[in-house]
Amino acid sequence: MPDKETSVTFKVQRFDPEKDKQPRMQEFIVPTRRGMTILDALLYIKENLDGTLAFRTSCRMGICGSCGMYINNYPRLACHTQIAELESAVVTVKPLPNSPIIKDLAVDLQPMFDKHKSIKPYIVQENKTEESNLTHEYVQKPEEVEEYEQFSYCIKCGICVAACPTSASDAKFLGPQALGQAYRYCADSRDAGSAERLTITESNHGAWRCHLAGACSEACPKGVDPGLAIQLLKNKMAKQALAGPQKNKKVAIYPEPKEIKPRVAVPPFTAK
Amino acid sequence: MLKTRMQLLFYLSAIGLAVFLGIHMAVQHLNNVLATGDTAPTSWLSMIGRATQNGWVVIYILMLVFGLYHGLYGLRGIIIEMTKSDKAINLVNRIFIVGGIIIFAWAAYIPIALATR
Amino acid sequence: MQTEVKPRPNQLGIVGWFWGGNYKIERYLYILHRVTGVGLILFAMFHLFETTVMRNQGESVWEMTMRFLANPIFEIGLILVGFAFVIHMLNGARLIIQELGYLLGRPKRPVYPYSDAIRRKRGITMIFMAVIIVLMVVFVLNRFIGGAV
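Residue numbers (numbering that gives the first Met the number 0), protein chains in the order written: chain A, 0 to 271; chain B, 0 to 116; chain C, 0 to 148.
None of these hints come from the bench; they were simulated from the model. Each residue gets a CB set at the ideal place from its N, CA and C atoms; glycine is no exception. If a hint is listed, it holds; no wrong ones were tucked in.
Simulated pairs of lysine-lysine, DSS-like, Cα-Cα distance not exceeding 30 angstroms:
#1 C:120 with A:155
#2 A:116 with C:5
#3 A:221 with C:120
Taking CB as the label site, the calculated pair distances span:
#4 C:72 with A:22: 39 to 45 angstroms
#5 C:24 with B:111: 43 to 49 angstroms
#6 B:83 with A:137: 38 to 44 angstroms
#7 A:170 with C:24: 22 to 28 angstroms
#8 A:20 with C:55: 55 to 61 angstroms
#9 C:102 with A:241: 18 to 24 angstroms
#10 C:55 with B:86: 35 to 41 angstroms
#11 B:104 with C:69: 26 to 32 angstroms
#12 A:6 with B:83: 43 to 49 angstroms
#13 B:54 with C:24: 37 to 43 angstroms
#14 A:21 with B:91: 28 to 34 angstroms
Here are a few chain C residues that face chain A, going by a calculated C-beta distance under 10 angstroms:
#15 4
#16 5
#17 6
#18 8
#19 19
#20 100
#21 106
#22 110
#23 114
#24 115
#25 116
Construct the entire structure; sequences and hints are all you get.
Quick look at the structure:
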């Protein structure tokens, strides 16, 4: 395990579409310190060793989902992976598989975003005017929130798509991210779009192309468990196929306020 | 929801296959462990003995239906996961439907012909 | 003039079914299920040829076919087919149950360290694997107790 005195060899995959025909590996020696993440190391390389290294990063704390990479043969967030936890003197960093490479470690996540958009990732209302112009506040019980809460933590980093064996060969497969989010909205008691959403997810490249490899859930850096969401989605699809569209229970609407209490007056400005 | 119904049929055919292949395995491949008394289940006499019983003919034909559907639908799934073109997928669907019917017709005719011979 | 540079495709392809990284057992049961399934289809086609074309020609051709098949290569092949059947059936049963959303539990708040439903229910997978191994042993045992497979 590296300590503050050691350095680690980074083998980083490089690919410049304007110059290279094939990706190549480049080695860097990076001095490490306690708590240093892969992202810190990449930033060190960019600042001190090779300024042309391209990768995507933003929040550096596992929220934005920009720095998904294939680190030591496993898809991870670079900012969320400490060098020490890999317990390896050599760290290989490659771009996420199953997404096209833009340059070096930066991949194009647009196909994933397009699939995400295709499954209507928003609350669909029966009343379309209500959809764009909410007139009420909707009440959900804690147990209704629990049905989808876990899946709403998705940061769209593309790690589940990199882990999925079906996404490896089927570029049109909706993928664990989009399918997981399809369930997230179908399971929401405020949503009335299950029937149309489930016809999208049963396409040739939809939910039935998932065969429960479980790699997406295992690799997800946010504990979102898209694998579970997809199996629960299939359950909904099976019920819809056998018994017709299943409606969510009518969600309670917050009662209209009967009287509006006047705001407490702002204390008079006392400082002279 | 046609594809979901077909997928559920795929699962149902798997359950049917497990039952009938279970019977097949017990009689023909676990004969010694289960002491069924038939020491040579692949001999002509043993085989033709089963082939002339209506119950076995029904089992064979059901096994054929379940096996063909489960096998071809499963293989179609694998091919879809390697194919981008919708046209190619439609072609595979057609080939599998026609091929499945031809194999079924031929392979169902034989046990019926043997039983009625 | 600048030329448009297209992103380089980076899909693992069919290789990705077999190996995609350091994942746990279920990722590899996926390909085992697939390989055993394709193997069983190939065997079923061979078996259908044997039980239709060859059987239809009467006793002598049937017995000749059986004699032709009675050699170590085909016997090992048949044992492998038996193994494939047992794996595909039991793992398939697990897949049908879990793919329809059962035996996986309910969603949980993601609290670090994260766990996922499949890992939480790995015991169920292991029970199915244990039954697979027992049935494989019984299948081989049948060969050695009697004679013909």
